[in-house]
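Each residue of the sequence shown is one higher than the one before, starting from 1 at the first, in this note's numbering.
Keep in mind the hints are simulated off the structure, nothing from the lab. Incorrect hints may appear among the rest.
[As the list claims (entries may be wrong)] For lysine to any residue, the following SDA-like pairs were computed, each having C-alpha atoms within a straight-line distance of at most 20 Å:
1. K175 / T244
2. K374 / R202
3. K148 / T228
4. K121 / E506
5. K630 / T617
6. K121 / N173
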Amino acid sequence: MSTLILSAVGGKYGSFWGGVGALAGCYIDQRYLYPSLFPKLPVDIPKLGDFALQQTNEGSPVNICFGPENRLAGTIIWLSDIREQESTEGGGWKEEPSTSYTYFVDLAIAVCVGEIQNIKKIWADGAIIYDADPDIDIQDKTDLAVTKVVEYSGIGGYLITMEITSSTTDLSNFKSGVDVLTSGFVNGGNNGTFRCESASLRKLRLVNSVCVTEAAGATIDLFQDLPTLDITKASEMTVYVGSTTQDPDDLIESVEGNSPAFRGISYVVLESLALQDFGNRLPQFHFLVAKDTTKTIASAIENILELAGLTSAQYDTSALTGNIRGYNLPGVISLKDALDPLLTAYDIMVRESGGKLIFEHRTDIGIGTFTEDKLAAHEDLSEAPRLLSLTDGADNKLPQEVNVQFLEADINYQKASQREVKNDAISNTVLSIDIPLVMDATDAREVARRELWIAWANRQAIRFTLPPSYYWVESTDRLQVTVDGEVYIISVKSTSRGADFIIFVEGVVEQILVIPSAGVADDPGIGGGELYIPPELRVEIIDIAPFTDSEVLSPGLYLAICAADITAKFKGAVLYDSIDDITWASKGLVPTESIVGVTIGPLSTVQDVGYWDRINTIQVNVLHGTLSSKSEVDVLSGQNWAVIGNEVIAFRNAVLVDTNRYELSLLLRGLRGTEDEVGGHSGNERFVILNTTTLSFKTIASGLIGSSRYYKGVPSGGVISEYLSAQHNHSGGTVRPFAVCHVSGERDVSSNLAISWKRRT
1 MSTLILSAVG
11 GKYGSFWGGV
21 GALAGCYIDQ
31 RYLYPSLFPK
41 LPVDIPKLGD
51 FALQQTNEGS
61 PVNICFGPEN
71 RLAGTIIWLS
81 DIREQESTEG
91 GGWKEEPSTS
101 YTYFVDLAIA
111 VCVGEIQNIK
121 KIWADGAIIY
131 DADPDIDIQD
141 KTDLAVTKVV
151 EYSGIGGYLI
161 TMEITSSTTD
171 LSNFKSGVDV
181 LTSGFVNGGN
191 NGTFRCESAS
201 LRKLRLVNSV
211 CVTEAAGATI
221 DLFQDLPTLD
231 ITKASEMTVY
241 VGSTTQDPDD
251 LIESVEGNSP
261 AFRGISYVVL
271 ESLALQDFGN
281 RLPQFHFLVA
291 KDTTKTIASA
301 IENILELAGL
311 TSAQYDTSAL
321 TGNIRGYNLP
331 GVISLKDALD
341 PLLTAYDIMV
351 RESGGKLIFE
361 HRTDIGIGTF
371 TEDKLAAHED
381 LSEAPRLLSL
391 TDGADNKLPQ
401 EVNVQFLEAD
411 INYQKASQRE
421 VKNDAISNTV
431 LSIDIPLVMD
441 ATDAREVARR
451 ELWIAWANRQ
461 AIRFTLPPSY
471 YWVESTDRLQ
481 VTVDGEVYII
491 SVKSTSRGAD
501 FIIFVEGVVE
511 QILVIPSAGV
521 ADDPGIGGGE
531 LYIPPELRVE
541 IIDIAPFTDS
551 EVLSPGLYLA
561 ICAADITAKF
571 KGAVLYDSID
581 DITWASKGLV
591 PTESIVGVTI
601 GPLSTVQDVG
611 YWDRINTIQV
621 NVLHGTLSSK
631 SEVDVLSGQN
641 WAVIGNEVIA
651 FRNAVLVDTN
661 RYELSLLLRG
671 LRGTEDEVGG
681 HSGNERFVIL
691 NTTTLSFKTI
701 ASGLIGSSRY
711 YKGVPSGGVI
721 SEYLSAQHNH
731 SGGTVRPFAV
741 CHVSGERDVS
751 SNLAISWKRR
761 T
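Make the full structure from the sequences, and use the hints.
Below, the structure is given as structure tokens:
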């Protein structure tokens, strides 16, 4: 029997964590934690008030990380006594002196297990106090010009500055008060090391009394060597990378005497950490750690498996490709929990075969083909089962939304989220996936799209039997069979062997053609067997006379939506409205694509409406659907009615003259009270077929008439912010009475005029 296994080896994982955790705990407990909890002598600092030591407790987890970008919370492993510094000010004639106190502490913070490459950044309560590479280096710029500026600077009199301006180069990152090295200017007086006075996007001012005005054109380099450590927060910092040969820290030895070197554990020692800026308490520290220069997905999985006690003979990751940016295992977790984020993020399938765990990307798994005659294998003299037993999953149990939480570098490696929503889902279930890996937002969005797609597209379960010769079929295999002319791609979930060695297979019918590839943001859509990407939309809001009698005097709008690209697939859309173009509310689903197009040239004016226009014609390009000719009776009964601009017309003849282009003739004009729109047409006007099956009517509150709203159409699977909006002024066309007809006047003997008419509303 073969099935997916991860829990079977999960028990071995704890042995690693117990060993290393116990070792680190021994050092911390015997040498450093115990004295912190039970100091030899009390420290009496009444000026400080309440001071909470945020440090390790026995059994605190240690970090094990992979990749070049890991934001980790450290664990304090050594803490000095608090030092007080007294400062006295004042005390002059008739003035009492003022005394203030500041407090400092030295500490060591364990970062992670194993040797690292380096520490890139350190945050204390969210503020950066260390940056390994802060320097600003601008090279080979030809848009930099120099102007000599003499300005009064207050104290010190007049100051001569070298004002460097640019047309395209961003100069805003240079720091005031730090020297800038300039080179490449034609005038030698403009080259050298000068103190930065100020910097903005397009202007940099350096203190240089010998500068000379110079036009742009030369190839210029600007460099500013910035300090790595904020010395207002700590005076010194030492990084120990966790090598197996590192020596004990000098500061710790000077205080404690003999001390361990913490070999195999990377840690940081901060000297004279100023507590004042942190409310006289220890801040929360986070570290950006480069554990590896680069780290492949395969090697990260191998390391985790080896930590769990597996050997290279028990797994195969050779099919995996790609690198990870950062992944941290914080504490004791099962092997399954350790691997799940990697498997989900990189779409990896795992199966057991021949005593090995085989790891493969889903899209790289080959497809085994077999024929229909191999199905329904059964014991002799027993009734043959169905070729395929198919069971559809319940739509109301599938997720409407997938929310992926991840770590995003652009926001200092804090937790971020990307989501994908299926707007037409009948459930409100939200599937949350926590992936504690450093990822780009686009990659996280891809994961959300893929997981939502798989849930919906692969919801049909399948069962069947095969003869004993198919003993090789295993979980995660892909199989293909054609039954009654329909091709089935099957992802195998489990197999078992029955009587007479019959192979029982269970799996799901997989839409393999739509499994997203790396770097492509796809959408689950609404079923189907091909790739679906939410298209751009053509949205038409029609606010004129009511098209049917049932909508007379009912305030509302007609809505026509179709894909703007005629080759794109339309799988429904949602109309949203907003008062401020910021906050959006759904106005309902539009499930059907409308027949929308544009006119080629203007529609000519006619003098009389209510008669067949047998002279004028109009050509239209349609984005969706086809047009056809109808009989006069069909037209008079409501078929082939359309809006051109704001005029309702009808046409009898529709002749295809080019791809998606039709010529319309034998027209009825000014229908449904739009006689006043007959004149004044121009080219490139909207063309919308008025069909109750493709046109949506959305009611509005009568109070909206005369006001405006923003509207936008968002395709199924689309993100609201990615689609344009339009402002619409509500005219209340559907509640305006039709113009009267058959108007006549008659004067009486006193020349009074009596006017009569026929109402149409």
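Practice task
Could you work out which earlier hints the structure fails to respect and list their numbers in ascending sequence?
Solution key: Going through the list in order, the structure violates hints 1, 2, 3 and 4 and respects the others.
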